[in-house]
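Student: Given next are the chains, with one letter for each unit.
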Amino acid sequence: MASVTQNFMKLFRGSSGASEAASPHAAEKLTRRSSGLGELSRLWDVDTPLCVLDLGSTSPANIRFFTERSHKIYSEDLLVASTEPSLVTKDEDGKVVLDSRKFLADNLVYPAAHFDVVLCWNLPDYLDESLVRPVMGRLWSVLKPGGMLLAFFHTKDAGPDSPCYRFHIIGKDTLEMQKIVMRREARRGPTGAIHTAIIDAFRLQRVFNNRHIETLFRDFASIKFFLARDNVREVLVVR
Amino acid sequence: MSAPLSGDLAQIGKSVVIKGELSGSEDLYVDGQVEGSIALKNFILTVGPNGQVKASVEAKGIVVQGKLEGNVQASDRVELRKSAIVTGDISTLRISIEEGAYLKGKVDIQGKSEKAAGK
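One line per chain: the protein sequences are A and B, in this order.
Just so we're aligned: the first sequence equals residues 1 to 239 in the numbering used here.
Just so we're aligned: the second sequence equals residues 240 to 358 in the numbering used here.
So here's chain A without its partners, still in its complex pose (with noise of 0.2 Å):
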């Protein structure tokens, strides 16, 4: 009975529901096993403190996964950053695309050679088009020469609805993966005043071939590719 009161209460909780939902914790969490981070794990037991660079959702898990073990992690989400609305202009032909230089100068900001792993994760599939080339330019320089790069790239299987997940690592090859739904955020507007915008889920914006891969990492050393089960391609890149 008590259950069935609490329901019909919640038709009555119309926008405390809906923040719950729009919130990104209430995500269903999903466990998946990753040969890329696999590979790489033979990196985290050195002695010498590793420079990594996260480039998803801020994870209090990737923080806590790296810090235990002596490694300084940056934390960057990139797709947050291209939803600044200031980016946005147009192109010699009045296409509507975004600032990549605006971008570059905002975020990525570090010395060139700086970081041993980069964890790009699903980045470059839900990044808009005008900011995918320029980004990957910039990870080649701040990367250290020998410096390895994971991406995720969804196979021409997945279809336009596939989620944007967010990444946390729980294992030396075990990710829990948690989508995006949607998030409120505060935003000052140009009267000063305070409203809360709602950012929807980021969509996929293309699907990767091999060749476009190869072509996305042409500048690095060598490229090596792991298969999925779940329309996944995974890829680890050396410079």
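In case anyone wonders, no lab produced these hints; they're calculated from the structure.
Honestly, I wouldn't trust all of these hints.
Stated by the list, open to error - A short list of chain B residues far from chain A (calculated; beta carbon distances all over 12 Å): (1) Gly252; (2) Val255; (3) Ile257; (4) Lys258; (5) Gly259; (6) Ser264; (7) Leu267; (8) Phe282; (9) Ile329; (10) Ser330; (11) Gly339; (12) Ala340.
Claimed, not checked - Label pairs and their calculated CB-CB ranges: (13) Leu104(A) with Lys258(B): 29 to 39 Å; (14) Glu260(B) with Lys95(A): 43 to 53 Å; (15) Glu265(B) with Lys29(A): 40 to 50 Å; (16) Asp91(A) with Glu265(B): 47 to 57 Å; (17) Arg333(B) with Lys29(A): 24 to 34 Å; (18) Leu248(B) with Arg206(A): 49 to 59 Å; (19) Arg333(B) with Thr215(A): 41 to 51 Å.
Beta carbons are placed, not taken as given, at the ideal position from N, Cα and C, and that holds for glycine.
Dock chain B against the given chain A, drawing on the hints supplied.
Tutor: Just chain B now, kept in the frame of chain A:
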């Protein structure tokens, strides 16, 4: 979480804006805007949910519920609550980050990296 009420705690309210160097020898709760630098060597800085701090911060402990832009150095611990938005490098002995917190920057656990470097 509402603003703590304590005799040993200085508070900067929501409507207060401070620009410059801030230092002290008691815990500080900032729910307003601070721009410059904050030094509370043996004390705790709390940035409240409405707080907007654009400063380099040095304290024993730092708790962030609002917005903090600048490098952070804590001799003991840093806590990023779920509403925290932090842009800057964090150097501390211990850190706790709640799910939902946003961080753009480096996390450097002092004792551990020094130990590792000295191996």
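Student: Next step is simple, just say for each hint if it's right about the structure.
Tutor: Checked hints:
Under the 12 Å C-beta cut-off, the non-interface status given to Gly252(B) relative to chain A holds; the minimum distance is some 17 Å. Against chain A, the non-interface label of Val255(B) holds: every CB pair exceeds 12 Å, the least being about 17 Å. The claim that Ile257(B) lies off the interface holds: its Cβ sits roughly 19 Å from the closest Cβ of chain A, which is beyond the 12 Å cut-off. Remark: the non-interface label on Lys258(B) is consistent with the geometry, its nearest Cβ contact in chain A lying 18 Å away (cut-off 12 Å).
For Gly259(B), the shortest C-beta to C-beta distance to chain A comes to about 23 Å, beyond the 12 Å cut-off, and the non-interface label holds. The Cβ of Ser264(B) lies farther than 12 Å from every Cβ of chain A, with a closest approach of about 30 Å, so its non-interface assignment holds. Remark: the non-interface label on Leu267(B) is consistent with the geometry, its nearest Cβ contact in chain A lying 23 Å away (cut-off 12 Å). At roughly 24 Å, the least C-beta separation between Phe282(B) and chain A is larger than 12 Å, which holds for a residue marked as non-interface.
With 12 Å as the threshold on Cβ separation, the claim that Ile329(B) sits away from chain A is violated: the shortest Cβ distance comes to roughly 10 Å. The claim that Ser330(B) lies off the interface is violated: its Cβ sits roughly 10 Å from the closest Cβ of chain A, which falls inside the 12 Å cut-off. With a least CB separation of 6 Å from chain A, Gly339(B) falls inside the 12 Å interface cut-off, contrary to its annotation. Interface exclusion of Ala340(B) from chain A breaks down, the closest Cβ pair being 6 Å apart, not more than 12 Å.
Judged by the Cβ atoms, the range 29 to 39 Å given for Leu104(A) and Lys258(B) holds: they are separated by roughly 30 Å. Range check, Glu260(B) to Lys95(A): about 48 Å between beta-carbon atoms, so the 43 to 53 Å window is met. Take Glu265(B) and Lys29(A): their Cβ atoms lie about 42 Å apart, and the range 40 to 50 Å holds. In this structure the hint that Asp91(A) and Glu265(B) lie 47 to 57 Å apart at CB holds, the actual value being about 55 Å.
Between Arg333(B) and Lys29(A) the beta carbons are some 26 Å apart, a value that agrees with the proposed interval 24 to 34 Å. For Leu248(B) paired with Arg206(A), a C-beta distance near 53 Å keeps the hint of 49 to 59 Å intact. Taken as a hint, the range 41 to 51 Å holds for the pair Arg333(B) and Thr215(A), whose Cβ atoms sit roughly 44 Å apart.
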